[in-house]
Every structure is written in C-alpha cells, then in structure tokens.
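K.L.:
Now for the letters of each chain:
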Amino acid sequence: MANAQTFETICALITPLNKKNIALGPETTFAVDLELDSLTVMDLVADIEDEFDILLPLNLLPDMETIQQVVDAVEKILASE
Amino acid sequence: MDLLDKFDATTALRDSLPFTKADPFTVVMDEIISETEAMIGGRHTILAGTNNYMGMTFNQEAIKAAKDALDKFGTGTTGSRVLNGTYGGHKALEATIADFYGMDHCMVFSTGYQANLGLISALGGKDDYIIIDADSHASIYDGCTMSNATIVRFKHNDVAHMEKRLKRIPEGANKLLVVEGMYSMLGDAAPLKELLEVGKKYGCMTLVDEAHSMGFCGEKGRGIAEELDVEHLVDFFVGTFSKSVGTVGGFAVSNHPKFDVLRYVSRPYIFTASLPPSVVASATAAIKAISRSGNRRAHLWENARSLHAGLKKAGFNLCTETAESPIIAVHLPDPMMGTKFWEQLLMEGVYVNMAAPPATPAGMFLMRVSVCAQHTSDQINEIIKRFITTAEKVGLTLNP
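Chain order of the listed sequences is A and B. Start counting the first sequence at 1; every next residue gets the next number (the working numbering). Start counting the second sequence at 82; every next residue gets the next number (the working numbering).
Derived by calculation from the structure, the hints in this document are not laboratory data. Some clues are possibly wrong.
What the hints assert, rightly or not - Derived BS3-like pairs (lysine-lysine); straight-line CA-CA distance at most 30 Å:
| hint | chain 1 | residue 1 | chain 2 | residue 2 |
| --- | --- | --- | --- | --- |
| 1 | B | Lys236 | A | Lys19 |
| 2 | A | Lys20 | B | Lys301 |
| 3 | A | Lys76 | B | Lys421 |
Stated by the list, open to error - If you anchor each label on the Cβ, the simulated ranges turn out as follows:
| hint | chain 1 | residue 1 | chain 2 | residue 2 | range |
| --- | --- | --- | --- | --- | --- |
| 4 | A | Asp47 | B | Asp104 | 36 to 42 Å |
| 5 | B | Thr470 | A | Thr9 | 44 to 50 Å |
| 6 | B | Gly476 | A | Thr29 | 46 to 52 Å |
| 7 | A | Thr40 | B | Pro99 | 26 to 32 Å |
| 8 | B | Glu252 | A | Lys76 | 47 to 53 Å |
| 9 | B | Ala379 | A | Asn59 | 16 to 22 Å |
| 10 | B | Tyr283 | A | Thr9 | 37 to 43 Å |
| 11 | B | Glu252 | A | Asp50 | 51 to 57 Å |
Unchecked claim - Residues of chain B placed beyond 12 Å of chain A at every Cβ, according to the derived structure:
| hint | residue |
| --- | --- |
| 12 | Lys236 |
| 13 | Asp239 |
| 14 | Val279 |
| 15 | Gly299 |
Everything numeric in this text was worked out from a predicted model, so none of it was measured. Glycine is no exception: its CB is placed at the ideal position from the N, C-alpha and C atoms.
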C-alpha cells in the first residue's frame, strides 16, 4: 500500500497548517477546504519535496487541487526515478 | 455566470479599503515639476516612490537627443525589430549597452518586462530546467509560464535551499538559473556570489536581472554583479530603461557566440513594435551619462542611508537592517493601517508606493519609499519628518 503511506506522510506535513482542524481525506482541497494561501502552499510544496527528495515543478501546481492529486503526482515522480 | 465573476473577491478586497481622499491605484500626476517633485491633486508633492534612481528623466543630454531624434526620425517605427523597426539608433543603443557591459552582444526589447519574457521563454525548451527565486518579478514567472521548461523554485535568497533542488535535477539536463540582483519590493540584495557559484557548480547557465541595481551598484553602475566582481559567472544580463535610465524599454546582453539567434526565435522580441527613435536616443544618452556619474551614485547612497537611519531612529519597522538599495520599505501592520497611512502621507505632500499582495512577498503590507540621486538632503529630512507626523495622525505606534 504505497499509496496509503504516501497519503499519511503528506497528511502529516499538512497537519500543522490545518488551522480549522478539518478531517483530511483524499478529496480535501488546499485552497477551499484548508484555506491555504499561495505562500503557505509554496512552503508545503518545499516540505513535500524535501520529505520525498524529489522535485515538484511549478508546472504541476495548477493540477494539484486535492490531497489525492498530490499523492498521485508524488508517486508518479517516485516511480519514474 | 459571467467571465468576470471570478474577480469578485478582488473587487470586494479593493472596496473594503477605506480610502476617502485619495487612492493609490488611481493617483494622477498632474504636473511633473522636477525629478523629485510633482503636483498631485493641486498639492505640491515630494516624489519618493518612483524608480527614477539616477534622476535621468530630465537629463539635458537625454532630452536633447530625444528631441533631435523626434525631428529626424519621427514619432515611431510602426514595426517589429525584425521587419521595418530597426533604425540606426537601435543599433547604436545596442552597441552602447554592449560596450557598457563589456560584452559581445546586446538585444534591445520594447520593455523590461518583455526582455525577461523574451529571454526566458526562448531559452527554456521542453527538456530544460529553469530554476527561479520564489520572490521573482512577474516578468520572470511569466517568462517561465511561456517557456516549455520544467520550473523549479527555491526559497528567496536561500542558497542551501537552491542547492538541494539543483542536486535533484537529472544529470545532463540543460539548466538556466534566473535571479535578480536587487528585489524591488523590499529593496534587499541577492547573495549573488554564492548563488552564482553554486549554480555554476551544478552546470547552470545563469541569467541575472539587474533592473533595480543598474545605475548605482558597481563602479560603472552596471549592477550588483559588477560590485561583487562576479560578472564572469553571468551568461545573460537583463535590464531595463524604465528605472535608472529614465525612459522605457529593456535589454539583454551576453558573450554567448550564438546569442543573436534569439532575434529569430524570441516571440516578445519579434511580435511587437520596436521602441520609438526618441526613446532609443534618450536611453543611449542616459546610459553614457550613467557610466560617468560616480558623484550621483555616491549622493544616491547617501540619501538612501540617511533616509533609512532617520526612519529607523523614529521607530518605524523597516524591511532591511541597513540600506541595501535606494528602496527603503516600511512594514505596516495591516491593510487598514496601510491605507490610512498612505493617504495621510500624500496629504502631507509625500508620494510613496503602497505595496500589497500579490506584489509583495509573504502577504506584507508596505510603504515602499525609493530615493533619487537628485533628492536634496533637505528633501530627505522633510520625508522623514512627514512620516513621523503621519504616524501621529493615523495612530501608528512607533518603537524608537
């Protein structure tokens, strides 16, 4: 269950930013549900990059609205390495 | 459903700011008295929010050259640089800039924005990587968007953060590192030597934007790379005529033997009209004047240091510890205070820029003050005095 592990790891990085303490699920969105501004998202992206030792290029950001989309992107990058 | 509905949040934010007497987004300069003074709303106002760092907008040689060019060549070229839009003046300007930078090639663009757009979009191909600072100017971000490259972003001025990311880029990929010498909102300088050395260690080609450092950094005024003696680590310099040069336009210089091919592939260079002859002539004269303006540079730095010291002593919260540039940015606690402060300061007869997100990093609300080499010491003291008066009137707490 690589997917579940990646999900857990990413949720752990999001938790400190989850100010409203909402339940985190695959469909949770960064902008609407978590109300993260673009600067917080930038820091989160950097944390995810460092956690998995990968690059999450800026080009991918528009397609990463939900946690699941980030999990998929991270796994795709890890698989291609 | 309306295409413009998506901007309702912006309209709401804009409407929530309590401007009553003036509005920073619709200020009109009715009359420009000099490089440092204007009439705004019938009020005699000190200009402390321009990018006219070297005070070249009324340089006599630049004005004369522009007038002559207007008489001889007319009001505009009505065409692209690669069709009918290259006059003798455009070539002379490119030669002047190449000579100023001591480099082999120069391309002149119609704005500084287009210079970044044109270089970055052309250089970044499908399999290439562009590495940028998070606080980069919109023209750098837009150039990246327009390119086909993979964009990697590192934390502002953070060399270690950048290196971590450079390590992760596949070996053998072409890499372009893009940084600015001076960042225009906070007026903070880049650790250019370290950034460029690490960039070169990982095989990057490097582009340095000296828009807000050309004119007054370095002995000749070429920018921060000259000042730090690291010009040999720079493959491409980008700059503008709309700051220290006092007009409008942009340029790129390089020693790369294949540089000129960009004239055939850079869309922001090709698909727009070239600069009018008068602008080209004044830019040429101003750059020559800048290269021999050592005294002006010294006075500009004096102004920047005394403004910084004066505001700091009064207890304002400044964005940099010392005056790193002619841009002195003052933190204000929130949009409401920012709005009131900016408006009152204008009523006191000082114009500064109100800077707000998304133009500012980290959601900051700033009074961005910028000084000019032509400001007198009296004017600088007057700016400080009126800042203090404004703080009293709007109830901003100072911590001297």
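K.L.:
Now look at each hint and say whether the structure bears it out.
P.N.:
Here's how the hints hold up against the structure:
{"no.": "1", "hint": "B:Lys236 <-> A:Lys19", "verdict": "holds (23 Å)"}
{"no.": "2", "hint": "A:Lys20 <-> B:Lys301", "verdict": "violated (54 Å)"}
{"no.": "3", "hint": "A:Lys76 <-> B:Lys421", "verdict": "violated (50 Å)"}
{"no.": "4", "hint": "A:Asp47 <-> B:Asp104: 36 to 42 Å", "verdict": "holds (39 Å)"}
{"no.": "5", "hint": "B:Thr470 <-> A:Thr9: 44 to 50 Å", "verdict": "violated (54 Å)"}
{"no.": "6", "hint": "B:Gly476 <-> A:Thr29: 46 to 52 Å", "verdict": "violated (39 Å)"}
{"no.": "7", "hint": "A:Thr40 <-> B:Pro99: 26 to 32 Å", "verdict": "holds (27 Å)"}
{"no.": "8", "hint": "B:Glu252 <-> A:Lys76: 47 to 53 Å", "verdict": "violated (20 Å)"}
{"no.": "9", "hint": "B:Ala379 <-> A:Asn59: 16 to 22 Å", "verdict": "violated (45 Å)"}
{"no.": "10", "hint": "B:Tyr283 <-> A:Thr9: 37 to 43 Å", "verdict": "violated (27 Å)"}
{"no.": "11", "hint": "B:Glu252 <-> A:Asp50: 51 to 57 Å", "verdict": "violated (20 Å)"}
{"no.": "12", "hint": "Lys236", "verdict": "violated (7 Å)"}
{"no.": "13", "hint": "Asp239", "verdict": "violated (10 Å)"}
{"no.": "14", "hint": "Val279", "verdict": "holds (16 Å)"}
{"no.": "15", "hint": "Gly299", "verdict": "holds (31 Å)"}
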